[in-house]
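Enquirer: Just so you know, the sequence shown maps onto residues 190 to 374 in our numbering.
Certain hints may be false.
[Stated by the list, open to error] Below, in silico cross-link-like pairs of lysine-lysine (BS3-like), each with a Cα-Cα straight-line distance of 27 Å or less:
hint, residue 1, residue 2
1, K287, K349
2, K259, K287
3, K264, K346
4, K349, K264
5, K287, K264
6, K346, K259
7, K334, K264
8, K334, K287
9, K287, K346
For the record, the hints were derived by calculation from the structure and aren't laboratory data.
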Amino acid sequence: MDGAGAELVVAKRLDGQRAERRPFLGEHRRDLALGGAVDAGVGPAGQDNLHIAREIFAAWNAHDVEGFVKRLDAKTRWESDVFPAPFSGHEGARQFFKVYLTAFPDLHLDLEQILAAGDSHVVVRWRSRGTHLGPLGDIPATGRKASNRGCTVMEIKNAKAAHAWVYFDNAHLLRQIGVLPGSGG
190 MDGAGAELVV
200 AKRLDGQRAE
210 RRPFLGEHRR
220 DLALGGAVDA
230 GVGPAGQDNL
240 HIAREIFAAW
250 NAHDVEGFVK
260 RLDAKTRWES
270 DVFPAPFSGH
280 EGARQFFKVY
290 LTAFPDLHLD
300 LEQILAAGDS
310 HVVVRWRSRG
320 THLGPLGDIP
330 ATGRKASNRG
340 CTVMEIKNAK
350 AAHAWVYFDN
360 AHLLRQIGVL
370 PGSGG
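Start from the sequences, fold in the hints, and give me the full structure.
Expert: The structure is reproduced here in structure tokens:
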């Protein structure tokens with residue numbers, strides 16, 4: 190890379206403390222924000238995107254499928270190597286939401302870190318926790334508690350999540366609910 194798209198990371202942690210500055214791939218600079226406190230370098234679009242991402246996660250935590258869907262573009266696409274297939278559109282989002290809340294009816298996502306990257310992307314590092322009380326695909330309920338860390342990268346367009354990429358360790362989750370061998374701890 191020639192540095193044309195390079196950034197300097199300027200951040201605040203969730204507890205409000207400033208993170209250290211460090212160069213990132215060259216000379217050009219763009220500010221990023223972390224957590225609840227928005228750094229002055231994040232423009233209005235970045236601040237709006239942080240708000241949208243928080244609302245999406247709040248809808249998950251409230252188990253509010255329509256609150257989730259209203260923050261998504263009509264043609265939204267969410268992908269992950271651990272999903273059987275990407276989901277698209279509002280109906281796909283509703284089905285995705287239902288799958289996870291059926292499997293983990295007490296599902297809760299704690300936001301550990303949130304970044305606005307420019308005017309179009311948000312990165313959220315999260316920790317999920319819940320009890321496996323319903324089927325997860327063809328895996329019957331085990332009654333076991335599970336906790337997993339993950340990251341969601343969202344592209345925001347016109348104040349809606351247009352595309353998202355979700356990353357988490359599915360094997361860790363499956364060990365915790367007893368599907369794969371190992372402690373899962």
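Enquirer: Now, for every hint given, state plainly whether the structure supports it.
Expert: Hints, one by one, checked against the model:
1. K287 with K349: Holds, because 20 Å separates the two Cα atoms, which is no more than 27 Å.
2. K259 with K287: 15 Å, holds
3. K264 with K346: 11 Å, holds
4. K349 with K264: Roughly 10 Å between the alpha carbons, so the hint for K349 and K264 holds.
5. K287 with K264: With a Cα-Cα distance of about 19 Å, the restraint between K287 and K264 holds, given a limit of 27 Å.
6. K346 with K259: 13 Å, holds
7. K334 with K264: It is violated: about 34 Å lies between the C-alpha atoms, which goes past 27 Å.
8. K334 with K287: 19 Å, holds
9. K287 with K346: Given pair K287, K346 holds - Cα atoms ~25 Å apart, limit 27 Å.
Going down the numbered hints, you'll see the structure goes against just number 7.
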